[in-house]
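Note that this note's numbering numbers the sequence shown so that position 51 is 64, with each residue one more than the last.
Quick caveat, the hints were computed from the structure, so don't treat them as lab data. One or more hints might be untrue.
Listed next, the in silico BS3-like pairs over lysine-lysine satisfying Cα-Cα at most 25 Å (straight line) [what the hints assert, rightly or not]:
#1 K146 with K282
#2 K98 with K35
#3 K94 with K35
#4 K98 with K243
#5 K146 with K286
#6 K94 with K243
#7 K94 with K146
#8 K243 with K96
#9 K146 with K281
DEER-style ranges, computed between Cβ atoms [as the list claims (entries may be wrong)]:
#10 E111 with G49: 31 to 37 Å
#11 G221 with D302: 27 to 33 Å
#12 E111 with K243: 20 to 26 Å
Since this is a predicted model, take the numbers as computed values, not measurements. For every residue, glycine included, the Cβ atom is placed at its ideal position computed from N, Cα and C.
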Amino acid sequence: MAALNPPLPADARPPDETFRVKIDGHEVQVYSYGRGPEVLFCLNGGPGLPCDYVRETHSVMADHGYRVVVHDQLGTGRSDKPKDKSLWTLARYVEEVETLRRTLGLGRVHLLGQSWGTWLGFEYLLTHPNGAKSFICANGTAEIPLHLRDLERLRGALGPETVAMMARHEAEGTTDHPAYQGAVQVLNYRHVCRLDHWPPALMRSIDGINMDIYGTMWGPNEFTCTGNLKDWDRLADLPRIEQPCLVLCGHHDELTPDSAARIARRLKKPTLKIFRNSSHMPFFEEPADYIATLRSFLDQHRGG
14 MAALNPPLPA
24 DARPPDETFR
34 VKIDGHEVQV
44 YSYGRGPEVL
54 FCLNGGPGLP
64 CDYVRETHSV
74 MADHGYRVVV
84 HDQLGTGRSD
94 KPKDKSLWTL
104 ARYVEEVETL
114 RRTLGLGRVH
124 LLGQSWGTWL
134 GFEYLLTHPN
144 GAKSFICANG
154 TAEIPLHLRD
164 LERLRGALGP
174 ETVAMMARHE
184 AEGTTDHPAY
194 QGAVQVLNYR
204 HVCRLDHWPP
214 ALMRSIDGIN
224 MDIYGTMWGP
234 NEFTCTGNLK
244 DWDRLADLPR
254 IEQPCLVLCG
264 HHDELTPDSA
274 ARIARRLKKP
284 TLKIFRNSSH
294 MPFFEEPADY
304 IATLRSFLDQ
314 HRGG
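Start from the sequences, fold in the hints, and give me the full structure.
The structure is reproduced here in structure tokens:
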């Protein structure tokens, strides 16, 4: 494990420490902000996105007494980018999280997952129940089959002609067609981020996506799943989770309030918060309320 200081964009908050951690022959880049025993370990969405958008929105918690640790998951950002598609599995990413926690000596962490990071987080809690003292499920689900039904409903709101057009392009493998991409853009602005201008950190993550990972695990876009995650469903296992959990969701979220409520009903120690003016990115859409909610929850569960 070696400390590094790689260049970051001029608008990014510089980390207090950066590390390269070797995992099964590949190196993963880790960013650390702040000091102290209370660690917020953040898992970003994707899969296949660099962590810029989560790193820059959550590093502020270092100003509130927390050490914030975020990493570019293998294959993304400044981490190594092997071409072996057999690496792109949920189980391998779970072990990546545990290896980082142990190697960096983080102890029991406050784990936060956003979007795909919630699936990774739930799987981690069920596989390594002693690694976390609390969990923040931000804009996620515990059951991909339900999420796929929700996506069909959201697509349906575009109208039958648009739905038929999208289905045709998906069947023909022409999802790069401008009409198809236009429909996806409408869905993105309705259900991913409702800001007129998407923040630079979010755009860096999107522009830096590794489509080998995203395509293998998810599919061609946010609203079409054909990858190895399509049957993942842990809803029935959520009562096994002992940690207090904060479940966050935007009112217009692609990972819907219904999904968030289904999660909360099955957890032993849930707190549910719906951001009324947000979709999938409340930390950009309602940042003050989001950070206040996150801080309140974490402050209640310090120690342990």
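Provide an ascending list of the numbers of those earlier hints which the structure does not satisfy. Failing hints, ascending: 7 and 10.
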